[in-house]
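There are 4 protein chains.
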Amino acid sequence: MMMDSLRATLLITCPDQKGLVAAIAGFLAQHDANIVDFREHVSPDAQGFFARVVFDLSGLAIARDEVGPAFAPLARRFDMQWALYFSDQPKRMALLVSKYEHCLYDLLIRHKGGELPVTIPAIISNHPDMQPVAEFFKIPYFHVPSAPGGKAAQEAEILRLLAEVQVDFVVMARYMQILSAEFLGHYPHRVINIHHSFLPAFIGGKPYHQAYERGVKLIGATAHYATEELDEGPIIEQNVVRVTHAETVDDLIRMGRDIERIVLARAVHLHADNRILVSGRRTVTFS
Amino acid sequence: MMMDSLRATLLITCPDQKGLVAAIAGFLAQHDANIVDFREHVSPDAQGFFARVVFDLSGLAIARDEVGPAFAPLARRFDMQWALYFSDQPKRMALLVSKYEHCLYDLLIRHKGGELPVTIPAIISNHPDMQPVAEFFKIPYFHVPSAPGGKAAQEAEILRLLAEVQVDFVVMARYMQILSAEFLGHYPHRVINIHHSFLPAFIGGKPYHQAYERGVKLIGATAHYATEELDEGPIIEQNVVRVTHAETVDDLIRMGRDIERIVLARAVHLHADNRILVSGRRTVTFS
Amino acid sequence: MMMDSLRATLLITCPDQKGLVAAIAGFLAQHDANIVDFREHVSPDAQGFFARVVFDLSGLAIARDEVGPAFAPLARRFDMQWALYFSDQPKRMALLVSKYEHCLYDLLIRHKGGELPVTIPAIISNHPDMQPVAEFFKIPYFHVPSAPGGKAAQEAEILRLLAEVQVDFVVMARYMQILSAEFLGHYPHRVINIHHSFLPAFIGGKPYHQAYERGVKLIGATAHYATEELDEGPIIEQNVVRVTHAETVDDLIRMGRDIERIVLARAVHLHADNRILVSGRRTVTFS
Amino acid sequence: MMMDSLRATLLITCPDQKGLVAAIAGFLAQHDANIVDFREHVSPDAQGFFARVVFDLSGLAIARDEVGPAFAPLARRFDMQWALYFSDQPKRMALLVSKYEHCLYDLLIRHKGGELPVTIPAIISNHPDMQPVAEFFKIPYFHVPSAPGGKAAQEAEILRLLAEVQVDFVVMARYMQILSAEFLGHYPHRVINIHHSFLPAFIGGKPYHQAYERGVKLIGATAHYATEELDEGPIIEQNVVRVTHAETVDDLIRMGRDIERIVLARAVHLHADNRILVSGRRTVTFS
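Chains as they are written, first to last, in the working numbering: chain A, 112 to 398; chain B, 112 to 398; chain C, 112 to 398; chain D, 112 to 398.
Keep in mind that the hints were calculated from the coordinates and are not lab data.
Hints are supplied without guarantee of correctness; some may be wrong.
[Stated by the list, open to error] Residues of chain D clear of chain C, computed beta-carbon distances all greater than 12 Å: (1) F248; (2) P256; (3) L272; (4) Y298; (5) V351.
[Stated by the list, open to error] Here are the simulated DSS-like cross-link-like pairs (lysine-lysine), alpha carbons at most 27 Å apart as the crow flies: (6) B/K223 / D/K262; (7) C/K223 / A/K317; (8) C/K249 / A/K223; (9) B/K249 / D/K223; (10) C/K262 / C/K317; (11) C/K317 / C/K210.
[Said to hold, decoys possible] Cβ pair distances, simulated, as ranges: (12) A/Q277 / B/G391: 31 to 39 Å; (13) D/K129 / B/P243: 52 to 60 Å; (14) D/A157 / C/R150: 50 to 58 Å; (15) B/S257 / D/S116: 54 to 62 Å.
For glycine and all other residues, C-beta sits at the position ideal for the given N, C-alpha and C.
Construct the entire structure; sequences and hints are all you get.
As structure tokens, then:
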């Protein structure tokens, strides 16, 4: 089946210039690679070029390890930032959780069902509560409570764990602690957070209460890359659900859970499948 | 056909208390009125009661003019704010417009097609541009430019016109001027504005530019009752449409037009059909 | 908290006639019941009347067991079909499953999280596969394989189990067998099925393949009461998700799972919360 | 501004094979064309390749008229079906209408507002009713009634008109007559129809009545290329809106109008902007 073939994905960001598509496609043709998906975007100010190229590894004229080195000179010529991924090396994702379980369950079930192209070497939590869930799904669970040494010590321990299990990216699945700028600096654009509002509306800790007070007719959720400014990182995905005057705050919380998990799952899928490029405060998402 | 029968609508707001539904329905049964729609809402704090009751006038045991006086003692007993409307007396709606034409066209076409239960005695604008549209749809057009006497003089002239044509409510169909608190005081919860964002996100004059900069994945529009605090009035209706990184600001403006007109039309319909009750900063909308 | 108060829900279907609301509300007022939610619907042909009335049991002037008997004469007078439910007696729901797990997980997690006002005395399956899931969520699991005696024997065993654990309604959570008319006759309008298409489009067993072949731009799911005519029962809830030419059949299946579980969960919630009345092939859903 | 630059769009369909992207992009690079948008799709069976390439004409090393002839040998080599369009030569669109006006108004207002990259040389109708609308928007109106010579004579006259005003494609804006296979043969995949249901549900003439009878919870509309099999042509765009038991057939008709016009406008935009390629019964829409 087509999906089972071995594939590589090339992500490229560079200044826009003539001949880019020809150069990239020409390079791949020269090595007998069959392009199965080519997406590109030129920013409206005509400055930035963003591309995602998926090609088949079968029939490639060079070894897969030689593709990157062979591409490097071309990348230098066009001043590219680039990365190359192989479909048989899924990204390693760590989950940070607290006591809310809906997003955790959702990602674990999707993973179990083969929906998410990742491996999950660790679930890390500041509470012990989710340990049985981790065990049921056979994922290692690490309880890293708020330490006597304070937040810095706790974050240091989490960073140590992430390094130990060689994580590629981190998902805050309703993790109820704020990560420091220093922590995030270790995983730039590789920590995904889910905020339970339609950002930039209702920043902060009580968005459903705020939504109720304001009397909005839709509530939403937003997945974004966490940055040092709270709730200000590049948005990956958003969605909303209709509400009425009849819903209580508890109803909004309940209804919001469905949106949170769908939005987070979609963002995780986009990231894991190498479909996101960051452009300042915006994301280019080739969905 | 059922829809053609003569009907009355009773809108009621009062403190919640036992026996309200029985008292209201009992009153109507006593006068042989057939209830065709009964909707009520008790606020989650169990304080406020809101109801909309539609009943058939055919077979009513008293004259329609006597219904209100007969209801008054009961209303006093329960401390009700209430209003009674008849389906053969559609509300009189004035449209305020500037140079954007999409919402104006939309409301006029719906009105012409029989969708909106209103009469439109006036279109008022600070510009002459929309006069031909008004003529085509046979609606009187009044050009009230920014006056030498300034905004106060202009608003005074608009108020005079609204009174002269006996308007029940006012719709700002992308009217690009801010109405003063004094002006709005003449039509409390009877001036509907359409804001081109998903409030409370992107308050102010350039929401599509802000949405582009922030990189949101959905854009929206909000219809609300205009109050003296800009973009802070009770929300009547909201909707959104999905956008991607590929859309320019101009694309957002174009795509937003569809949401603006659908949201505004829906809000106008709800108001004209007596389906909205205001509860502080929130609306109860029996849609 | 308001939600914790003890409540009763009265569901009523009868021919439309004058004085119904007054009679129902009057009865409740007479016994000092406080109505917290009153919803009614008169069918467009003005023949049928459908109502859902929720009232507080605190302060009621009679014992809760006396409410039904006291209401019966009034019900007879108006030729009502009616039922009375109490909020501290949640419905008993059985789940029928095969090998698909997404809907099963979804309902169990919602139940565990307190979202669904039901108890689950049994999960019944024609396969053993879901037993570990049932164990993790501490729900009794019954494996009823296709019997040598054939389908009739298998259904008889399921009926026996349902009776033994005193089930109020049954949910086919992607149960891959067709239930006979005889079986369904034991639970009229009490067996909920989820069909993986937007009915009436794509009836039958391969809706995602059909959707792909037809090239639709949205795929959907439908929850309905199972009747002897396959996929023809009264629809409770539907939803859709946008797809493009780029999605394979496998993608549609994956994306459809999200819609299936949301639609099924919503239908189960509506049924469990006594919000559905059946009117021929249609449902009145007071959501 | 970027949007004002002169651009060309190349649409390509051919069997999939290695080197296609490189060949196309290489051709354009060779002539100093700057690619501003490149989209491609390989069908899941890995047989078909579909591409849309937009490039800037400024700085092109050859005359625009020479692009096509220069591309032809390459196209032959890869067995391509292809077409080349220039942004300063908008497509010529004819509108077929009967007595429903909402889609007609909608397209004319969008056109007037600069939303649709088309010219409209003719509105053709079997009724005289829409003539004033055409006049207001300054579009030539042709009344072609059901002729004594029957349908064939009427269609012949319409074909004559379409040829005379040199139409590129035709939009049936709720045109209430069925076009013959012979007629459609003159404009293969160039006649867009709007059907007032979510196809393939509710084929035929009374979809809203059918939707009401079936009790669906969403109603929809479908824009498709008309083919000789009624309502079976390749789907371009679909959308839905939520309805409840409370809506009458008349309500569905009213609510459906909003979906019809949005779906039709979007389909027209996709076609006019050269974003659709047909693949059997499916469309590839690079939106």
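Item checked: Structure versus earlier hints - violations, ascending order -> Violated: hints 5, 6, 12 and 15.
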